[in-house]
Structures are given as structure tokens and as C-alpha cells.
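Undergrad: Residue-level listing of the chains:
There are 2 protein chains.
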Amino acid sequence: MTVQISRRGLMFVLSSPSGAGKTTISRRLLADMQDIEMSVSVTTRPPRPREVDGQDYYFIDRARYDDMVVKGELLEHAKVFDHFYGTPRQAVERRLAEGKDVLFDIDWQGTRQLRDKAPDDLVSVFVLPPTLSDLEKRLRTRAQDDDATVRARMAKALDEASHWGEYDYIVINDDLTRCIGQVRAILTAERLRRVRQTGLGDFVGRLKS
Amino acid sequence: MTVQISRRGLMFVLSSPSGAGKTTISRRLLADMQDIEMSVSVTTRPPRPREVDGQDYYFIDRARYDDMVVKGELLEHAKVFDHFYGTPRQAVERRLAEGKDVLFDIDWQGTRQLRDKAPDDLVSVFVLPPTLSDLEKRLRTRAQDDDATVRARMAKALDEASHWGEYDYIVINDDLTRCIGQVRAILTAERLRRVRQTGLGDFVGRLKS
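Sequence lines, in order, name chains A and D. Under my numbering, residue 461 is the last one in the first sequence; the count climbs by one each step, no gaps. Under my numbering, residue 461 is the last one in the second sequence; the count climbs by one each step, no gaps.
Looking at chain A on its own, in the form it has when it is part of the complex:
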């Protein structure tokens, strides 16, 4: 018999300097764990090759983006390089109300906004690379980016890394399997927090009656 206790959903943020392996970790987490779904962001930047609208991002124009900001339809939003990004509020709130979790692949700016809005629902994990040369190597092997883009991304990565101190958990991606196991453990543990298991009072009540 498995006892199911109802719980409050959580917002699980995974941030890292670009190139630290975050995307792979996110994919594996979604494949391994139940009851967690990716939040799909809107963006004004054009799609890259192989990116699918509604799956990688919702690709929208600037007018629609401004409209969403004005109407409060974005839970967080930020400008990165020359483009705008944001998280549609409605899908996240529906999911949390169902007691399911939402995974966010956002940077420190977005994380800060989520923390301000819903500190109790937010669990933030920062993934660090084991070395910086490792990071540069990974950025260079992204064939679609030219040299100037790699340099700009490297500078952005360093800036991003400087915000590690704002996160709840830090994992170092020196071994991908180990790192994925650690991120999975964090999600498993956070779901077991007493304050998140909203059905515990009823459960203990039945135990004692």
C-alpha cells in the first residue's frame, strides 16, 4: 500500500551559467520524476534551428510581449542580450493548485522575481561547472554560435555565476550522473517537507481516531 498525502506544488528553479549542463539535467529530471512539468517561456527572440514553438518557447513579437507585461500575465520577465523573456502566469498557477510541480529554466533575474512573489513555493538550485575551461569548451562546441556570440556568452556566464549566493542549493556538475542524482534528491526531499504536505493533519487524525 502506498499512502498518498495531498501536497502543495512547488516551483523548482534550475539556473546555471550557460554551458554548465543545465539543459541535460532538466531533461533527465523530467524523464525520471513524476508530477513535474517544464514551464514554457515566451520570448521575442527568433527560433533557433530545431526549436519548436510551444515546446522550447512560445515565440511572440514585441507588441504581444508588452501587452502581457502590462496585463500582468507574466510571473517574471527579463531582458537578456537584446531579447525579452517571460513566464506565463496562468499555466504555472493551475499546475501548482493541482499539487504538481513546475520546473523553470530561468536566470537569476527571473529567479529573484519568483522569490519575491512566492518565497514559500520556490526551491532554487544553482548548477556550477567544475572548471571554467570546461564551460568555454562546451560553449565553443555549439556549432551555431560565432566567435563574438561565444565571447558574449562567456561574459554572461561569468556574470550569472556571480549570483550563486542567491540560491537554496548548489550542485557542481563534475559528473553528470551524480549531479542528476543530487538534483533528483533535492526535489524528492523538498516534496517531503512538512509544510508542503497539506494533507498530513487529516492523515494523522485518522491514525489516532
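Treat the hints loosely; a few may be bogus.
Take a look, some chain D residues computed to stay more than 12 Å from chain A by CB distance [claimed, not checked]:
#	residue
1	Val-322
2	Glu-350
3	Arg-448
4	Phe-455
Taking lysine-lysine and the DSS-like style, the derived pairs with C-alpha atoms no more than 30 Å apart in a straight line are [stated by the list, open to error]:
#	chain 1	residue 1	chain 2	residue 2
5	A	Lys-408	D	Lys-352
6	A	Lys-274	D	Lys-460
7	D	Lys-408	D	Lys-274
8	A	Lys-331	A	Lys-274
9	D	Lys-274	A	Lys-460
10	A	Lys-274	A	Lys-352
11	A	Lys-323	A	Lys-389
12	D	Lys-460	A	Lys-389
13	A	Lys-274	A	Lys-408
14	A	Lys-352	A	Lys-389
15	A	Lys-274	D	Lys-331
16	A	Lys-274	A	Lys-389
17	D	Lys-408	A	Lys-460
18	D	Lys-389	D	Lys-331
19	D	Lys-460	D	Lys-352
20	A	Lys-331	A	Lys-389
21	A	Lys-369	A	Lys-460
22	A	Lys-331	A	Lys-369
23	A	Lys-274	A	Lys-369
24	A	Lys-352	A	Lys-369
25	D	Lys-331	D	Lys-274
26	A	Lys-460	D	Lys-331
27	D	Lys-331	D	Lys-408
28	D	Lys-460	A	Lys-331
29	D	Lys-389	D	Lys-369
30	D	Lys-274	A	Lys-352
31	A	Lys-460	D	Lys-389
32	D	Lys-408	D	Lys-389
33	D	Lys-369	D	Lys-352
34	A	Lys-408	A	Lys-389
A few chain D residues facing chain A, derived, Cβ under 10 Å [unchecked claim]:
#	residue
35	Ile-257
36	Arg-280
37	Leu-281
38	Pro-382
39	Gln-434
40	Ile-438
Derived by calculation from the structure, the hints in this document are not laboratory data. Source: prediction; values computed, not measured. Think of the CB as a built atom: it goes at the ideal place given N, C-alpha and C, for glycine as much as any other residue.
Using the hints, position chain D against chain A.
TA: Okay, now just chain D, sitting in the frame of chain A:
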């Protein structure tokens, strides 16, 4: 390559109503995980069959116990039924200073004292049985206890269960393997908390230099 970040040790408390499977979970946790050791309590109660002095408990007399209390040598101490229990302070503090963890098999009274003394170092987990009849069955199969003892233990178990709201995490022991996996995930996650990884500043500094 595995990056080792120095960290602060934590006090990992596992409490539960007697008979909920806590002892089995503790043993498996100690066998599965590195860098965690059991805190051995002192007690004034006589040893049960097969209990080993210095391993299950340090069996001491009342005069020695009172002396330890007066000299502040106990981190927490409590009376349970007619006997006294306590945690020797020195062994725990040495262990934490080395960045290793200490596992405590103590009740809510002891947990409360540890929380008052070192809230940042304490992680507390409460194990609940899936049903109460399950608990009674387990208590009855302990051959060494007579009927009156079982009844007293059952009352104590109910009292203990009423303190679940004071713990950080709640796990329900409906499936032992699953439950052990959950407790292991909690320990893994808590070690990855930014505030515990004292060597992170140096690590990030080296990354960026």
C-alpha cells in the same frame, strides 16, 4: 574528477512513534551513506538482551547521569518512563567540526532541545506508520515486552505521534525501501544547501580567476 567542497556537519534527527520502523531505517542509512555516524546516548535503564554498552547505549548509573547534567556534558536529556537518557556533547561537536554528520535516534523532547541549541545545524525527520494497527502489531511482536509494557508503549507512541508538527520533514513508512530512499534523499539534499557548503566561496573564486 569529483570536486569536494568543505561543508559544515549537520545533526540529522530521526524520530517516530516506537514501532514505526525507525531503527531499521537508521541502520540502512548508516550502511548506505558515507560521513554519517550514530550518536550513542547515555541511559540509566538496564541493558536489554543483546544490547552492547558503547554501541547501543552507554549504560550509566543515576549518579553519573546527574553529574553529566550538572557539568553541561549532555547536549539534550530527557526522562522517558522511569529512565533517563541523554546525548554526550563532546563526541557530537568533534564530529560536526570535521564536517561530518551525526544521526540521532531521539524523541521529540530531545529534538526540541537540540533545535533550541543549534537550529541551523538541525535537520529533523519524523517517520509515521501507515496505520495504527500496523504499529500495534509491530509492538506486540517484540517478544521481550509484556502486555502492560506494550500498552504503555502504545500510549507513548500516540503521544509521540502528536508531535509530528515540530519536524522539518515527514515520511510515511508504508514501504520500507521507498521510505529509506526518501530519508537518504533528505540527507543528500540537506548537504547540498548553499549555507552548509562552507567552501563554495573559494571554489567560485578559483573559477573566476
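Undergrad: Take the hints in turn and mark each one as holding or not.
TA: Here is what the structure says about each hint:
no., hint, in the structure
1, Val-322, "holds (35 Å)"
2, Glu-350, "holds (21 Å)"
3, Arg-448, "violated (10 Å)"
4, Phe-455, "violated (7 Å)"
5, A:Lys-408 / D:Lys-352, "violated (36 Å)"
6, A:Lys-274 / D:Lys-460, "holds (19 Å)"
7, D:Lys-408 / D:Lys-274, "holds (15 Å)"
8, A:Lys-331 / A:Lys-274, "holds (20 Å)"
9, D:Lys-274 / A:Lys-460, "holds (19 Å)"
10, A:Lys-274 / A:Lys-352, "holds (21 Å)"
11, A:Lys-323 / A:Lys-389, "violated (42 Å)"
12, D:Lys-460 / A:Lys-389, "holds (15 Å)"
13, A:Lys-274 / A:Lys-408, "holds (15 Å)"
14, A:Lys-352 / A:Lys-389, "violated (36 Å)"
15, A:Lys-274 / D:Lys-331, "violated (50 Å)"
16, A:Lys-274 / A:Lys-389, "holds (15 Å)"
17, D:Lys-408 / A:Lys-460, "holds (12 Å)"
18, D:Lys-389 / D:Lys-331, "holds (26 Å)"
19, D:Lys-460 / D:Lys-352, "holds (28 Å)"
20, A:Lys-331 / A:Lys-389, "holds (26 Å)"
21, A:Lys-369 / A:Lys-460, "violated (37 Å)"
22, A:Lys-331 / A:Lys-369, "holds (19 Å)"
23, A:Lys-274 / A:Lys-369, "holds (24 Å)"
24, A:Lys-352 / A:Lys-369, "holds (18 Å)"
25, D:Lys-331 / D:Lys-274, "holds (20 Å)"
26, A:Lys-460 / D:Lys-331, "holds (24 Å)"
27, D:Lys-331 / D:Lys-408, "holds (12 Å)"
28, D:Lys-460 / A:Lys-331, "holds (24 Å)"
29, D:Lys-389 / D:Lys-369, "violated (36 Å)"
30, D:Lys-274 / A:Lys-352, "holds (29 Å)"
31, A:Lys-460 / D:Lys-389, "holds (15 Å)"
32, D:Lys-408 / D:Lys-389, "holds (15 Å)"
33, D:Lys-369 / D:Lys-352, "holds (18 Å)"
34, A:Lys-408 / A:Lys-389, "holds (15 Å)"
35, Ile-257, "holds (7 Å)"
36, Arg-280, "violated (16 Å)"
37, Leu-281, "violated (13 Å)"
38, Pro-382, "holds (5 Å)"
39, Gln-434, "holds (6 Å)"
40, Ile-438, "holds (4 Å)"
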